[in-house]
Amino acid sequence: MRYYIVAETEWSQHLNRFLSEYELYAPVKNTETESYDYEQITAETIDSIYYNGNTPTTPLKTFYLPIKENVVNIKENQPRIVIGVPNCDLAALNILDNIYLDDDYIDPCYKQNRDNTVIFGKDCYTYKKSCHCTSYSLKPYPQENCDVSMSITDGMIYLCPMSDKGESLLKKHKITDNKSVDTIPETIISKRQDVVNNLQNQNKNLPDEKNTRISIEKSSEELWDKYSDKCVSCGACSFICPTCHCFLLIDKEHFEKVRSVDVCQYPGFARVAAGEDPLHYLNKRFKYRYLCKYCYKPDMFKALACTGCGRCIDACIGKIDKNELILESFK
Amino acid sequence: MQTNNIYKPIKAQLVKVIEESPEIKTLVLVPEEEFSFKTGEFIELTIDGVGEAPFTPSSSPLDTKQLEVTVMKAGYVTDKMHNMQIGEYMGIRGPYGRGYPLEEFYDKEVLILGGGCGFAPLRSLLYNLKAVSDRIRKVTFCYGSKTPADCIYKPYITELRETPKFEVRRSVDKADDTWTERVGVVTVLLDDVKIDVPNSIAVVCGPPIMMKFGTFKLIEMGYPENKIYLSMEKNMSCGLGKCGHCAMGSFFVCKDGPVFTYEEIKNEPNLWI
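Heads up: the protein sequence lines correspond to chains A and B, in order.
One point on numbering: in the numbering used here, the residue at position 170 of the first sequence is 170, and numbering is uninterrupted.
Position in the second sequence (first residue = 1) + 331 = the numbering used here.
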């Protein structure tokens with residue numbers, strides 16, 4: 001691994017150069033809600049980028065799977081750079097890529113969106129109460145699936161190319177001419193370890209993904225009735241989940257089709273023409289989502305379908321805490 | 332790996348409409364581009380700007396010039412399909428999924444259990460079996476419908492009854508004065524079927540409740556779980572293993588199925604719903 005060093009004071013010059021070729025998106029802090037979310041960055045707003053905060057409100061998947069997109073009459077999109085992507089979103093790409101870049105049927109929109117995007121993964125130096133990536137063997141810093149990993153310490157930015165795309169971007173912008181080191185500085189290792197320790201401590205009773213699976217499979221129907229009683233089927237948990245991928249095809253004239261996000265928590269999601277509907281009852285739909293995350297998708301793709309981002313907990317208007325449910329099932 | 336856009340249908344012209352029953356019509360379509368399918372695979376049939384729905388073609392897979400799709404009126408899109416006029420164009424995506432593994436049927440007796448509109452995919456299979464009948468020992472087709480009026484493909488039944496190696500048995504839930512065959516749910520037909528079970532393959536396609544009891548009856552008759560082929564019906568929207576609507580446990584029915592052996596899916600949730 002090689003880490004190219006850029007002084008924080010020089011970084012905005014690089015971003016300005018990126019802006020001549022790419023749309024640039026990065027987390028910006030909302031001071032009222034103390035949350036972060038991706039915004040399109042311009043030369044004027046470069047200074048508002050918030051590096052190394054916790055998980056942005058919106059998952060990375062929205063760059064690849066917009067709420068609505070015409071999948072027949074495909075619009076070409078501008079190359080873009082997304083800065084500040086947490087590892088929980090990077091890990092989610094293992095599920096999304098398996099589904100949308102499946103060799104048998106490559107999704108042309110997802111592929112275009114994926115090819116046109118350069119991802120800068122980031123270290124999380126802060127975390128939310130709902131963050132629990134370390135419970136599922138993930139680290140709160142980039143491990144795979146990004147093009148460049150980005151860590152900041154003591155006024156210096158350490159950029160590590162993690163793909164050919166990332167390497168060529170840094171080369172093209174002469175960042176590879178900068179001073180570099182082959183190991184990451186101790187201060188970053190120590191910051192990363194602090195977050196790992198804190199997350200492990202925060203979630204010390206939470207089972208790992210394998211034990212979560214076992215406890216969900218063994219859980220009583222009363223547990224699902226109890227928690228689903230607070231669910232209003234709004235679908236926020238799925239909209240905000242970095243691995244949820246379901247959609248509906250809406251037909252338009254000239255045999256065009258619009259892909260629109262769909263959610264298994266909506267009534268009628270699985271209903272067939274003759275009327276049978278395995279997910280008709282709310283408690284069944286509610287449980288199904290957990291089974292999908294911890295049983296079905298891991299079996300299908302040998303990948304985590306819950307990456308511990310905690311967004312579903314933050315977004316739930318019924319205040320359903322997924323981890324509280326899992327802890328209760330684990331007792 | 333495909334080269335074309337996976338979501339873009341090819342156009343097909345409606346050249347004929349056959350009324351099968353009050354609620355069921357067969358649409359005969361001529362695709363504008365080369366199109367073929369294997370028996371048991373399905374297509375997504377589109378009405379421009381209205382919607383699309385999955386169907387397993389009911390015609391012979393060996394006929395590559397045109398295909399037939401049998402449509403039961405069940406909702407908004409199928410209602411529109413029933414009102415399509417000859418000469419109009421529809422869209423076809425596919426074929427998708429895993430069909431019947433015909434080579435597994437060679438040198439075997441084939442017992443086919445069908446109910447209602449489940450005859451549609453089975454007719455395609457029967458056409459195909461007839462074409463390879465020199466390699467099949469015998470085909471017994473047991474078909475059930477609600478009433479005599481709901482029995483579809485009547486001319487084809489006559490044709491099939493005259494085909495060597497093919498036997499047809501039918502039942503209706505509720506008979507009228509014209510009915511001379513069995514009365515009762517379709518599984519009653521299995522009571523007096525004479526078949527060499529150890530050298531046989533069974534195929535089941537129909538409404539979920541019929542598939543459930545049909546499968547249990549076949550197991551009772553001694554069929555091993557891996558010799559019972561089920562054509563599953565789930566909400567198959569994209570056909571590509573992406574949209575998630577047809578998920579059945581760890582399978583996407585549209586991509587991993589719709590044809591499965593009972594052994595493959597017996598532990599999956601909501602199998603018969």
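Hints are not guaranteed to be accurate.
Calculated lysine to aspartate or glutamate pairs in the EDC-like style (CA-CA distance at most 20 Å, straight line) [said to hold, decoys possible]:
| id | chain 1 | residue 1 | chain 2 | residue 2 |
| --- | --- | --- | --- | --- |
| 1 | A | Lys68 | A | Glu276 |
| 2 | B | Lys586 | A | Glu144 |
| 3 | B | Lys597 | A | Asp251 |
| 4 | B | Lys469 | B | Asp523 |
| 5 | A | Lys284 | B | Glu599 |
| 6 | A | Lys252 | B | Glu419 |
These are calculated hints, taken from the structure and not from any lab test.
Hints that the structure is at odds with (numbers, increasing): Of the numbered hints given earlier, those the structure breaks are 1, 2 and 3, listed in rising order.
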